[in-house]
Amino acid sequence: MLTPRIRWAASVAGAAVLTLTACGSGGSDGAPGEKVTLTYRLWDEQQKAGYEKVMAAFEKANPSIDVKIELLPYDQYWTKLTADAVAGTAPDVFWMSPTQFPEYVTKGVLSPVPVDATKYHKTVTEAFTYQGKQYGMPKDWGVVGLLYNKDLFKKAGVEMPDTLTWKPDGSGTFLETARKLTADAAGKHPGDPGFDPATIKTYGFLSWNHYQTQWMNFVSSNGGKLLDQPFGKYTFNDDASVQALQFAVDLVNKHHVSPPATRTNPPTGKATDMFKAGEVAMFPANNALLPFVVPDAAFEVGVAPMPEGPAGRAVNLNGLAEAVYAKSKHPEQAQKLAAYLGTEEPQKLMADEGYVFPALNGLTQGYVDHWAKTAKLDVSAFVKEAEGTTFPMPVTTGFTGFEPKLNQIFNEMYLGRLTPKQAADQAVTEGNATVK
Amino acid sequence: MTGRRRLGDWYAYLFIGPSLLGVVAFLLLPVVIVFALSLFRWELLSAPVFVGLDNYTRLAGDGEAWHSLWVTILYVLLCIPLQTVLALALALMLDRRIKGVRILRSLFVIPWMATPIVMGLVWDWIFDPRDGALNRALDLVGVTGPDWLSDPAWALPAVALVNVWQHTGYTMLFFLAGLQGIPKELYDASSTDGATPAQRFWKITLPLLNPTMFFVTVTNLIGAFQAFDTIFVMTDGGPGGGTDVINFRIFGTAFREFDFGYASTLSMLLFAVILLVTLAQVRFFGRRTTYDLS
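These protein sequence lines are chains A and B, in that order.
At the far end of the first sequence sits residue 436, using our numbering, and the numbering has no gaps.
At the far end of the second sequence sits residue 294, using our numbering, and the numbering has no gaps.
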């Protein structure tokens, strides 16, 4: 077996060789009327089945274009895409995420795509805007909602309130509900005399170090800001953000309504498993997680809107886009495909079969109906949230390099080894050093 | 005569050609490329810019990189002595004709055949502070186990333990082979002279195992210096940089920060450290090793 160091070196050498050969081969634009093959790359195996139908429809309408779908597992997707971009052989059209977008768009890998921004979800179009131009056709979005274990609610005799509210001082219906659902071995709740945090059997909530579904939502719903502007600097060490982070950590270490960070910190934490095992009553998750939770759960799952903070409700909405490669050998056809993928036919198909919420406005009902029909699950709370205040992932350069550092620093915060202020200051400093 | 020799040379090159080609293309050339890259600033998607020794100057003042090197050295020190002693002890125990010895030998080698990623995932479960097998077992004897992978004091020993567990059986195989190469007459003669078992071990077995010891420690040390897979799965370099070994930092610098120039510089550092340690071992064992047992 080659050692990782050698494998790594070999891949660099390979990339170097590819660069050289790529320079040597001239682009041969097919003569008019000749059949053109486009490569379309994605990372989701389940969605691939949907896109096979989509591409078949596109090929039928455009007989001179063939589309080859390439599936790459997410772990390899970005490394391979980068290597391909270096070699000049990236696919013609491919999926793009907001956190990766800045890296690729600033290096000239992506082509602008004409988009009527009014027709798509605003948070998605904004996430793929650079210097006033749209880079990528809005594809879909996923939004964070509050999954809850209906059986645990029933057992505790608790109703899910219509609106959950939280404040940094611990008031509001959210913490109250979480307390009622947390029980130790003797059936006592936090705040009861004799409550023993060491013997907790069920937790009301799961507060853990997962930026997308957790603390970023607390920060935004407390009026804190992640970034000063798109492609700007991190600012989540302002007072409102630190207050929100303190609340997130307090849920674990002070209020005892959430499991200790030793069991949930990434990469080894088992937060999702704990919810699936019925140990936790409320668990924020992106709707993309539904297929991985609902079928295995031995209890009835419900979906509620996320808690409202002092600044109202603000949830993360993560959109994807269909990016067009700037050095595509068939720019015209690639643009044609991207334009088609933004139309109603494919977006509706992907929604109706329950794969995603489409980025094109007015098609969410198909996704809602799919889940109601196949799993008797009411997912309309996600739609309601998406119509309210949403925020994207931080769109700025260097996030891939920053992400592991951010996770490490915040692991320490959730463990109580760093105060939220210390952790946020450290993370913002590290993060801003990676912004170019 | 000269003609025949030339013909012989020609054949020799033909025979070593294929493997030589592999070594040059996949070993020597990448090493040269990595060295060249260490003189550039290259963020992959933009053209490389020659920066001379800038990356090395940066390395000199990069406390985190030196911390990583220190963590790596600790990791090697945790792995190698324990692994070598255990492997030798196992080999001595299994170097006899007892029932089921073949099965036992195979059992001990199985961990080495497991995929590191899968192994990391399994050990993740074992180390789980509450539901993990290890702490459950410790509970039975009244000991409260630590939060293995999130406690800065235990994370590195924990991942080192996985490495030891994986490589001990494999290392044992080499010791077994070495033991079987020691002529039995030497033991017979020493018994006749009244040597105790301890004396036999220290005066005969251990010195005559030197070629094996040399091979095993050199390859295992190099392997331990390059630790990556299990750490990637189990701790991602955490907690708080506690398992941030140098190879992991190289990976992060290259594939997460896309800073290939500096990642190459870090690789050169690792290369230099391994080279020095290996040279030291060559010198140490070179003076003490007899290959001729006849």
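Keep in mind that the hints were calculated from the coordinates and are not lab data.
All residues carry an ideal CB built from backbone N, CA and C; glycine is no exception.
One thing to keep in mind: the hints can contain errors.
As the list claims (entries may be wrong) - Just the calculated beta-carbon pair ranges, DEER-fashion:
hint, chain 1, residue 1, chain 2, residue 2, range
1, B, Gly22, A, Arg417, 32 to 38 Å
2, B, Leu29, A, Asn62, 43 to 49 Å
3, A, Arg417, B, Glu64, 16 to 22 Å
4, B, Arg136, A, Ser171, 53 to 59 Å
5, A, Ala298, B, Leu140, 44 to 50 Å
Unchecked claim - Here are some chain B residues the structure puts well away from chain A; computed CB gaps all over 12 Å:
hint, residue
6, Leu82
7, Gly120
8, Arg130
9, Gly237
10, Phe260
11, Leu279
Here is what the structure says about each hint:
no., hint, in the structure
1, Gly22/B to Arg417/A: 32 to 38 Å, "violated, 48 Å"
2, Leu29/B to Asn62/A: 43 to 49 Å, "holds, 44 Å"
3, Arg417/A to Glu64/B: 16 to 22 Å, "holds, 18 Å"
4, Arg136/B to Ser171/A: 53 to 59 Å, "violated, 39 Å"
5, Ala298/A to Leu140/B: 44 to 50 Å, "violated, 28 Å"
6, Leu82, "holds, 21 Å"
7, Gly120, "violated, 9 Å"
8, Arg130, "violated, 6 Å"
9, Gly237, "violated, 7 Å"
10, Phe260, "violated, 7 Å"
11, Leu279, "holds, 18 Å"
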